[in-house]
Amino acid sequence: MLKQFKQFIVDTVGLMITGSRIYYAWVAFLLLLIVLGAVAYAGQLNDGLIVTQMRDQVSWGFYIGNFTFLVGVAAASIMLVIPAYIYDWGPIKEITILGEMLAVTALIMCLGFVMVDIGRPDRFWHIMPLVGHLNWPQSMLAWDVIVLNLYLLLNWFVVTYLLFSAYLEKHYKKALVLPLVLLSIPMAISIHTVTAYLYNGLAARPFWNSAILAPRFLASAFCSGPAVLLILLQVLRKTTRLKITDEAIFKIAELMSYTMGFNLFLTAAESFKELYSGTEHMVYFQYLLFGVEKNGVHYNTLVPYAWASILTGFVAFLLFLIPKTRTNWTTLNIGCVLIYSSVYIEKGMGLIIPGLTPDALGEMYVYRPSFTEIAVAAGIFSLGALVFTIMLKAAVPMMLGEFTISKGRKGVDHPETDPA
Amino acid sequence: MTDLNLTQAPDDCATGSSCGSRREFLGTAVASVAMALTGCGKLTKEEFLQNHFKQLSKTEIETIISRLESEYKAKYHKDVKVGVEPALPGVIFGYALDLSRCIGCRRCVHACVKENNQSREPEVQWIRVLEMEKEEGVNLQHSEQYYNPEEVPREGHFYMPVQCQQCKKPPCVKVCPVGATWKEKDGIVVVDYNWCIGCRYCMAACPYGARHFNWGEPHLKDADVNPATHYLGNRPRPKGVVEKCTFCIQRTRKGLYPACVEICPTGSRKFGNLLDPKSEIRQVLETKRVFKFKEELNTQPNFFYFYGV
Amino acid sequence: MTMRLFRFAGLMLLLALPAFANPPGKKAEASAQEGLQVPGPPFSEGVFPCSSCHDGKSLPVDTKRRELAMHSEIVLQHGPESRWCLDCHDAQKRDRLHLASGAPVDFTSSYQLCGQCHGDKFRDWRVGIHGKRTGSWNGAKQYLLCVHCHDPHAPRFKHLKPMPAPARPEAIQVWKGGAR
Numbered sequence: 001m002l003k004q005f006k007q008f009i010v011d012t013v014g015l016m017i018t019g020s021r022i023y024y025a026w027v028a029f030l031l032l033l034i035v036l037g038a039v040a041y042a043g044q045l046n047d048g049l050i051v052t053q054m055r056d057q058v059s060w061g062f063y064i065g066n067f068t069f070l071v072g073v074a075a076a077s078i079m080l081v082i083p084a085y086i087y088d089w090g091p092i093k094e095i096t097i098l099g100e101m102l103a104v105t106a107l108i109m110c111l112g113f114v115m116v117d118i119g120r121p122d123r124f125w126h127i128m129p130l131v132g133h134l135n136w137p138q139s140m141l142a143w144d145v146i147v148l149n150l151y152l153l154l155n156w157f158v159v160t161y162l163l164f165s166a167y168l169e170k171h172y173k174k175a176l177v178l179p180l181v182l183l184s185i186p187m188a189i190s191i192h193t194v195t196a197y198l199y200n201g202l203a204a205r206p207f208w209n210s211a212i213l214a215p216r217f218l219a220s221a222f223c224s225g226p227a228v229l230l231i232l233l234q235v236l237r238k239t240t241r242l243k244i245t246d247e248a249i250f251k252i253a254e255l256m257s258y259t260m261g262f263n264l265f266l267t268a269a270e271s272f273k274e275l276y277s278g279t280e281h282m283v284y285f286q287y288l289l290f291g292v293e294k295n296g297v298h299y300n301t302l303v304p305y306a307w308a309s310i311l312t313g314f315v316a317f318l319l320f321l322i323p324k325t326r327t328n329w330t331t332l333n334i335g336c337v338l339i340y341s342s343v344y345i346e347k348g349m350g351l352i353i354p355g356l357t358p359d360a361l362g363e364m365y366v367y368r369p370s371f372t373e374i375a376v377a378a379g380i381f382s383l384g385a386l387v388f389t390i391m392l393k394a395a396v397p398m399m400l401g402e403f404t405i406s407k408g409r410k411g412v413d414h415p416e417t418d419p420a
Numbered sequence: 421m422t423d424l425n426l427t428q429a430p431d432d433c434a435t436g437s438s439c440g441s442r443r444e445f446l447g448t449a450v451a452s453v454a455m456a457l458t459g460c461g462k463l464t465k466e467e468f469l470q471n472h473f474k475q476l477s478k479t480e481i482e483t484i485i486s487r488l489e490s491e492y493k494a495k496y497h498k499d500v501k502v503g504v505e506p507a508l509p510g511v512i513f514g515y516a517l518d519l520s521r522c523i524g525c526r527r528c529v530h531a532c533v534k535e536n537n538q539s540r541e542p543e544v545q546w547i548r549v550l551e552m553e554k555e556e557g558v559n560l561q562h563s564e565q566y567y568n569p570e571e572v573p574r575e576g577h578f579y580m581p582v583q584c585q586q587c588k589k590p591p592c593v594k595v596c597p598v599g600a601t602w603k604e605k606d607g608i609v610v611v612d613y614n615w616c617i618g619c620r621y622c623m624a625a626c627p628y629g630a631r632h633f634n635w636g637e638p639h640l641k642d643a644d645v646n647p648a649t650h651y652l653g654n655r656p657r658p659k660g661v662v663e664k665c666t667f668c669i670q671r672t673r674k675g676l677y678p679a680c681v682e683i684c685p686t687g688s689r690k691f692g693n694l695l696d697p698k699s700e701i702r703q704v705l706e707t708k709r710v711f712k713f714k715e716e717l718n719t720q721p722n723f724f725y726f727y728g729v
Numbered sequence: 730m731t732m733r734l735f736r737f738a739g740l741m742l743l744l745a746l747p748a749f750a751n752p753p754g755k756k757a758e759a760s761a762q763e764g765l766q767v768p769g770p771p772f773s774e775g776v777f778p779c780s781s782c783h784d785g786k787s788l789p790v791d792t793k794r795r796e797l798a799m800h801s802e803i804v805l806q807h808g809p810e811s812r813w814c815l816d817c818h819d820a821q822k823r824d825r826l827h828l829a830s831g832a833p834v835d836f837t838s839s840y841q842l843c844g845q846c847h848g849d850k851f852r853d854w855r856v857g858i859h860g861k862r863t864g865s866w867n868g869a870k871q872y873l874l875c876v877h878c879h880d881p882h883a884p885r886f887k888h889l890k891p892m893p894a895p896a897r898p899e900a901i902q903v904w905k906g907g908a909r
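Residue numbers (the working numbering), protein chains in the order written: chain A, 1 to 420; chain B, 421 to 729; chain C, 730 to 909.
Chain A extracted, bound-state conformation (with noise of 0.2 Å):
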């Protein structure tokens, strides 16, 4: 068994570096970002954080919003668990994995960014339990640190024990896949719910100390991830001889309408009370929206954002509801860029800037992400991408059962089966 899995270890990455001149460009291209990112990196470490623009004022900033954005993506898995294993519906099932996938992704982002953000890395140990000291179950980070390790395992694992199951052309055990990715429902859930609930708990920042926030962050959270995916599906069609019905892409697109709805819905409702019941409290919406005037100075930086974001998100969920434009492939690739956008603004800038503008002692600082920030941003998010597409271009040529322990790798040196 170990021999085994020592060959597929081999053989994998002996799929993820070999490839089409297209393949080499595109790692080449994310490699490119993820040095530069590394050089940023490197000057934050030696000058310390304040190569950010993050200060005491507004101490979260462009890599806590990244990092927020991302848990919602890596919940976004669910999506296709759900119809798949929950209504055993057959043309979403086989392409579960690639959710998983994604997720693990995402993941690997999280922890990138929330490795950047912190003040002392070379102490990072002290965050583990047993070795460390964690404060459970006081601290929601605590929790945090534990969920989204626990969910990232689980999907790994999934992801391993499945391509390792078709590389050895046995069929997966269903009684320890389907227990595992059922979890993987209630799991991913609590990523995201953990996630809103470090921000929830904090009394001091009333922007975030709303009910509702954690349904919002997973309603936003069920838009935003399955959009990655719905374009991806679209691009292994084309590049590979993955099946992927049309049936599939509609029906989680469907799926994504209804959460985009009641995303709206509970952004509405949010704006309402705060505007409506109009206490000392709508400061920071209005800083949002509106713009706030103190001491004579204007600050509106965040407007015209707040506004793309509300208003990409209406059109995105008017593009996904209506059936025609919903299989029409032009605009529900158009809808897909413009609920991620939406999405992205909104965990960004719409919530952890607001959250902290004004600050607890009604100060006004205009957080402005910097150089830095974004360079070493950049890195992280090519670094995800990177350990996407290596993972794909193992994956596919195993989900296609083209490369297995005995085809090995003449099953796949084809031409038109090398993806992008």
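No lab work stands behind these hints: they were computed from the structure. No residue lacks a Cβ here, since even glycine has one placed at the ideal position from N, Cα and C. Misleading hints may appear alongside valid ones.
What the hints assert, rightly or not - Estimated spans, in silico, between C-beta atoms of each pair:
#, chain 1, residue 1, chain 2, residue 2, range
1, C, 852, A, 281, 37 to 45 Å
2, B, 570, C, 809, 23 to 31 Å
3, C, 766, B, 482, 39 to 47 Å
4, B, 642, A, 130, 35 to 43 Å
5, B, 501, C, 769, 31 to 39 Å
6, A, 281, B, 466, 44 to 52 Å
7, B, 501, A, 307, 55 to 63 Å
Once you've looked at the hints, dock chains B and C against the given chain A.
Okay, now just chains B and C, sitting in the frame of chain A:
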């Protein structure tokens, strides 16, 4: 390929390899990575492996103190003493601030900076003085902390200094993922600067903006170093950790007033033991009408504001 | 090194000076009446003892309220409509003050005189919650006389020049002065 190393190390540990059981091995193996992660390569193995303060034995503490003192001596060319005085028995510190008498002169801010070995460049200040409008009362949306008139107090304004309130139910203690901050028996909320990982969750949790982060390498001139320090208080801090007012723990645990209390020219600051019925702080609580800042958040601060006149 | 020390000492002096509106006297004297340790009153140079001029022989005692020939630098802003110098200063024994009842009060216990009208402040001051106090919260503390902060002739607390405002977060950048 530093990034790849970084993102792979936590994964390896998460999949349940032997790292959970052999800390020494982990320490030596990862210490080199960690040294790179501090950027300046000055991290010693002892510092890297140092455990949480509350889990240290007496001898371990003594070793750490002597190591710190020799490090400070080498860095600042001064005999810096690091104390570990525990809380005095039967003491819970309370603080009262007279808003009718504060004139916003900021002498408390700078006395604190001098006493507590804050970084001067960038300057970290543990006290923030807010200029408020008399008409609006305590209203943060009508406050200004960058006021700089020729003379204070300015007509129609009053002043409200804010520092760590040493809450009885501190939200910062609740959220710290590694337990690097906790509340001592005498009520002071302290930080173990050698355990803090710099995630800044506590800063998001604090409703008073009382916690401050060392974004860059703290710069402190030798001449500015106050050599009488406490491990949990004013010893010079490293980059990348959180710090805050500790009611001058190095002074108050020896019976002295905090620096801000002593320097205030108008006598607006009152300090003492809440458990002593004859203390000044108890006198204030009993004869004046005090209020707590952001009381509705139920943090139950040990810091009280009142209007003396 | 010496220049740094000089600059440091100068800075310390500069910062220490505004701490007291009026610097305390030379030594703490036990006030006979209350038993409270307070430093001596902050007399202007050479003005005490008053009896060096007001010896009862060279200057006639005139209790009529009028514009004085000497002490013109003192501008009375302490309820000038209803009181003047001799309401506090004793006309017969110039080295002392007197209460409303006529009872004499030493300059070292002038708080008793202030406390006559400002009873609430006096009560607070006695238990230590009015005015600046230094020392130990659990031990010996140093009081100041009222007059150390409040000029008895113009008692309203003087305005001060504020110390510098904090750096704005936008202004905080990496220190380019070189590594430590």
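Going down the list of hints, with the structure as the test:
1. C:852 to A:281: 37 to 45 Å: holds, 42 Å
2. B:570 to C:809: 23 to 31 Å: This hint holds: roughly 27 Å between Cβ atoms.
3. C:766 to B:482: 39 to 47 Å: Holds - the Cβ-Cβ distance for residue 766 (chain C) and residue 482 (chain B), about 40 Å, lies within 39 to 47 Å.
4. B:642 to A:130: 35 to 43 Å: holds, 42 Å
5. B:501 to C:769: 31 to 39 Å: holds, 36 Å
6. A:281 to B:466: 44 to 52 Å: Since the Cβ atoms of residue 281 (chain A) and residue 466 (chain B) sit about 47 Å apart, the hinted range of 44 to 52 Å holds.
7. B:501 to A:307: 55 to 63 Å: holds, 58 Å
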